[in-house]
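Chain by chain, the residues:
Protein chains: 4
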Amino acid sequence: MPDKLYFASDYMEGAHPAILNRLVQTNMEHTAGYGLDPYSEAAREKIRAACQAPEADVFFLVGGTQTNATVIDALLRPWQGVVAAETGHIATHEAGAIEFGGHKVLTVPQIDGKLSAETVARCVEAWKQDDNREHTVMPGMVYISQPTEYGTLYSLAELEAISAVCRDAGIPLYMDGARLAYALATPANDAALPDIARLCDAFYIGGTKCGALLGEAVVFPKRGTAPHFFTIVKQHGALLAKGRVAGIQFDALFTDGLYDAIGRTAIAAADRIRAALAEKGYEQALVAPTNQIFVILDPEKAKALSGKVDMGFWENLPDGRVVMRLATSWATTGGDVDRLIGVL
Amino acid sequence: MPDKLYFASDYMEGAHPAILNRLVQTNMEHTAGYGLDPYSEAAREKIRAACQAPEADVFFLVGGTQTNATVIDALLRPWQGVVAAETGHIATHEAGAIEFGGHKVLTVPQIDGKLSAETVARCVEAWKQDDNREHTVMPGMVYISQPTEYGTLYSLAELEAISAVCRDAGIPLYMDGARLAYALATPANDAALPDIARLCDAFYIGGTKCGALLGEAVVFPKRGTAPHFFTIVKQHGALLAKGRVAGIQFDALFTDGLYDAIGRTAIAAADRIRAALAEKGYEQALVAPTNQIFVILDPEKAKALSGKVDMGFWENLPDGRVVMRLATSWATTGGDVDRLIGVL
Amino acid sequence: MPDKLYFASDYMEGAHPAILNRLVQTNMEHTAGYGLDPYSEAAREKIRAACQAPEADVFFLVGGTQTNATVIDALLRPWQGVVAAETGHIATHEAGAIEFGGHKVLTVPQIDGKLSAETVARCVEAWKQDDNREHTVMPGMVYISQPTEYGTLYSLAELEAISAVCRDAGIPLYMDGARLAYALATPANDAALPDIARLCDAFYIGGTKCGALLGEAVVFPKRGTAPHFFTIVKQHGALLAKGRVAGIQFDALFTDGLYDAIGRTAIAAADRIRAALAEKGYEQALVAPTNQIFVILDPEKAKALSGKVDMGFWENLPDGRVVMRLATSWATTGGDVDRLIGVL
Amino acid sequence: MPDKLYFASDYMEGAHPAILNRLVQTNMEHTAGYGLDPYSEAAREKIRAACQAPEADVFFLVGGTQTNATVIDALLRPWQGVVAAETGHIATHEAGAIEFGGHKVLTVPQIDGKLSAETVARCVEAWKQDDNREHTVMPGMVYISQPTEYGTLYSLAELEAISAVCRDAGIPLYMDGARLAYALATPANDAALPDIARLCDAFYIGGTKCGALLGEAVVFPKRGTAPHFFTIVKQHGALLAKGRVAGIQFDALFTDGLYDAIGRTAIAAADRIRAALAEKGYEQALVAPTNQIFVILDPEKAKALSGKVDMGFWENLPDGRVVMRLATSWATTGGDVDRLIGVL
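Protein chains in written order, with the numbering used here: chain A, 997 to 1340; chain G, 997 to 1340; chain V, 997 to 1340; chain L, 997 to 1340.
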């Protein structure tokens, strides 16, 4: 009997072998802790170069929720909240981590997981026009994800428009890049890292879901954006004693184009699956161009397929059908895709 | 020219090779996230067995400050604070992480980093006797470290006495075991893991400073001690998506006595260094039996030695001399110790 | 030139004269602080009697936002949030006070400011059915206002249905009664204080907007519902040193039916205004039966009328017209209403 | 049988009659809420004049713990804590209100309740010199009380020295003036309101314990010191809907020298009591010059006297004797003092 196929998520394996190799090769070296080691510094330099942001402050944290909570806490003042799509990760699946830090998530409507510049502008303007605004939470920053929780992408023009609204309002724009590799590798994408660094005041380059064991690289393109961020990271319990564990991985990710290659592998696999689904007449809930595929199945088909393929449950539709999520990653092989297409 | 010697801390290298090997061997396996994988489950079972606590709830977090903040937040109610030595890690070097979570650290006097049962009893009793107690923060749990921040150890009798005071008062006893391997491996130690599990309501078995890349294993010996702890972990940004990264490491640490062996290696090295220091007439600031050595040097000697040995600065003495800390670990070889003794 | 008419809100004057008289009469008496005085105790007893809740814990706080934040913080555990209408006061006009305390407000849809039992049940059930629920904030209590922010009322049947859902789910129901006097005095109302005490786990009887200088009486019908609430009140900065300032006022409010009388005065005035508006052909945005009246005006009319009547701005309509709020209170005289009707 | 004498505290009565009269006289006037009324504005102007701080931002809050928590939260950034004497009110009797807001109280040694400039400088310097300072909480502001919790006073020279240390370090100095009237009225005092306004970055002029029903006036001598403070006040539940209740009282307190007169009455009474105690051979635990008297009694005497005089218990001495506190206020009459001296 053939093995089961694994498409449930993009964090089901360890690390990309090139990353793990670097951890093995450097294992017995002695280095300073807390990110002060040469590997972390090298990784910071490579990230600055990739972002064309030579002055950027770069920090390595462990996971996505932690990174969001820490950055948002660092950028907001007490009277401010963070504007996010009602489907945003911070608004839904972070167990109240932002509120634990004392801040309100100001949710606004979205389309396919995306905010529009108009929505952000309307939110900011509504606060400004409200005679009772001092009794309410001020929109103090904007949170977006690239790709979004639905796998969709902001175009460069859309990012420029949102950034312009934020700068006009004097509030920072923050991008959650948990799966940024997959955005960057999508052929349709026109927002490269330097664009993101130019348009955002803070963002993170995801490691955990893009081939690392763990780790997220926070980038503040403008030096000094978040004063005493090191202490805030510590206060949030987000400071690794062996900081090099993240630094070495990001050094590897930004050496010889590994981060790009990881993205391309996943996107190529996802594109083949999407094409096969379309060809075979499957309906997709949302045609997003990145590494997540949302296929609509009737219950019997979902059950049968689940016996062969490990998928993620997404949601039940009112008509009784179910949306399942397939995710590809650096670990998805051409053979895996062939076999998946074979059982569809 | 010989390489520098590294004794600055116990987290200057990667992981013990046996741990790293397990990460490599398992790297391409597909597992569920968030600690639901079989390696995490196996590690939990081995820890339960080592603690003789078959009902224990076991969770894997990333680092020490994070673990302290998360456990303390889970165990305290809003009107309570955590009692700690004025030298306790949570009171000094965690950047206010406990207060960030809304809780007061109620500091009390210590001797060589240790609390006594009498001190704890006095603190609890003072609150009970205070007519204004409802205007103050109630002592709601007790935090101790084994070994302490000064490398000293609680004896079994001392732990039993503190535990008795806590149980009498109806408040939990929590032990920070960041360096627990070194306590357990010290010949003079008489408090084994099952004793700790019997006497504490929560504790953590340190990984980061005891041979892992990262990771701390939180143990609640009594099932259900901290309801919804998984969600609290997530809320604190402490939940690893690839939870197996911690699980595999703890599985390795609790296989074939690795955790014990790591402790013994470090203690043997530290004992040899302490003996050599005594023999050569060096004064030690505190004779603690675990993996940390506190040697008093005059400034010139400190400077000279620092050129050859990477040590940690501990404190300046009023008489102008300086206390330097040497720490051993699993990575300290007999040759390192020989060379260190040679340059002393 | 006649004086301007004041209908902008129900907290534009000092206190009902009977209340102020009691403050004057008792002014030179010596009493214990922090609510331990005999007036506070008498007020507690009268409130218990009025609620037919002889075991109730009763506390006097200062203002509405403070009371909401304190009670919600006392009733929620860290992994829980409070369910509220998206228009609820805690979700909109409390400057993030709930989030400041670390808790998420879980907003759900409303109709005329009201939650339905079905909506609450759906929210609770959705959490229970969600495979990822441990990554999300658990609905841990339900917040409603009586009357709502729109002046509408829950019927007894509606309250019973919501209460049943909450009890079935094992989560407390909390009612914000900032303007409760006006609900109780509305002829159509069928939910009396004993009903509220029977159906809610916590509620407050509003003083500030119902004739007192300040003060809100928190009632936990079941003794011991919120352990150490006194300390939590202090921690929230909500404890009055001269606690009798609130106690004397509530003692007066619950003596000789003053709280009822205050409500009736306001409702009678509001009913006359509503009838006059209808008769004169004014459109009302929402016909709520309590002390707030929402009249739709075209801009010229709004401007002209604002010269004579101090009203509250409510919102701009898409068609260019504006909704203005008129509020009555204990201080609204029949003459004020006559004059207002005269200028409409 | 003569009535009991009341010296237990300075908040056992209502308000000074002149204050209550103003509340009565203005009761039926219609004013805007939230401190936007003309009485609050008049009070602000009078306070600015009394402080010789024409640009000052002045806000009226309700009570002391609330005011401390709100001001400290407004002035600290996340990586900072507040330096306070280990006996400071915020460190002991505020139920953890500062920590509830996420901030650490950095306690330092005191003498008779007072901090010295040297102690503050040492604390600031220790942080600067600490190589691990980024792992610790930065001293971000200094909290002092005038008079202190022990009734002692800072001299002008002492305040100037502390202020100089703070300004040199770039951190604000905040004074808790819960009983400021009694400091200002003490003959030995040489720090007047304009001095305080010149030397502190924030302070509050206490109302609750100085003759008002409630209310504390926060003064930021430099305009804009605490941005969006109104919203922070609201977020802390500290905003009075009927803001005039505080404004009218402070308007009265700063009209015709009432605040000074209240202080003088209390100090004259306290001075007479202290003199009588000395003459009759009583020992005082601490000779503080303000309105609190700390007398040492043996248990039988304490019991006997307590039957005639309502005093506050302060502490038990190791030798079995007890320290009782007598407090005077605006409400203490010459007759009260005569009778007290008679029974001593």
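It is worth saying that the hints were derived from the structure and are not from the lab. Treat each hint with caution, since some may be false.
To be verified - In silico SDA-like pairs for lysine to any residue, Cα to Cα no more than 25 Å straight-line:
{"hint": "1", "chain 1": "G", "residue 1": "1124", "chain 2": "L", "residue 2": "1126"}
{"hint": "2", "chain 1": "V", "residue 1": "1124", "chain 2": "G", "residue 2": "1032"}
{"hint": "3", "chain 1": "V", "residue 1": "1299", "chain 2": "V", "residue 2": "1309"}
{"hint": "4", "chain 1": "A", "residue 1": "1299", "chain 2": "A", "residue 2": "1337"}
{"hint": "5", "chain 1": "L", "residue 1": "1000", "chain 2": "V", "residue 2": "1309"}
{"hint": "6", "chain 1": "G", "residue 1": "1297", "chain 2": "L", "residue 2": "1126"}
{"hint": "7", "chain 1": "L", "residue 1": "1304", "chain 2": "L", "residue 2": "1279"}
{"hint": "8", "chain 1": "L", "residue 1": "1124", "chain 2": "G", "residue 2": "1317"}
{"hint": "9", "chain 1": "A", "residue 1": "1124", "chain 2": "V", "residue 2": "1298"}
{"hint": "10", "chain 1": "A", "residue 1": "1304", "chain 2": "G", "residue 2": "1124"}
As the structure is a computational prediction, the values presented were derived from the model and not from experiment.
Taking the hints in turn, this is what the structure says about them:
1. G/1124 to L/1126: 37 Å, violated
2. V/1124 to G/1032: This hinted pair holds, its Cα atoms lying about 19 Å apart.
3. V/1299 to V/1309: 11 Å, holds
4. A/1299 to A/1337: 17 Å, holds
5. L/1000 to V/1309: At roughly 54 Å apart (the allowed maximum being 25 Å), residue 1309 of chain V and residue 1000 of chain L break the hint.
6. G/1297 to L/1126: Cα-Cα ~21 Å, so holds.
7. L/1304 to L/1279: 20 Å, holds
8. L/1124 to G/1317: This hinted pair holds, its Cα atoms lying about 20 Å apart.
9. A/1124 to V/1298: Status holds; Cα separation ~22 Å.
10. A/1304 to G/1124: 62 Å, violated
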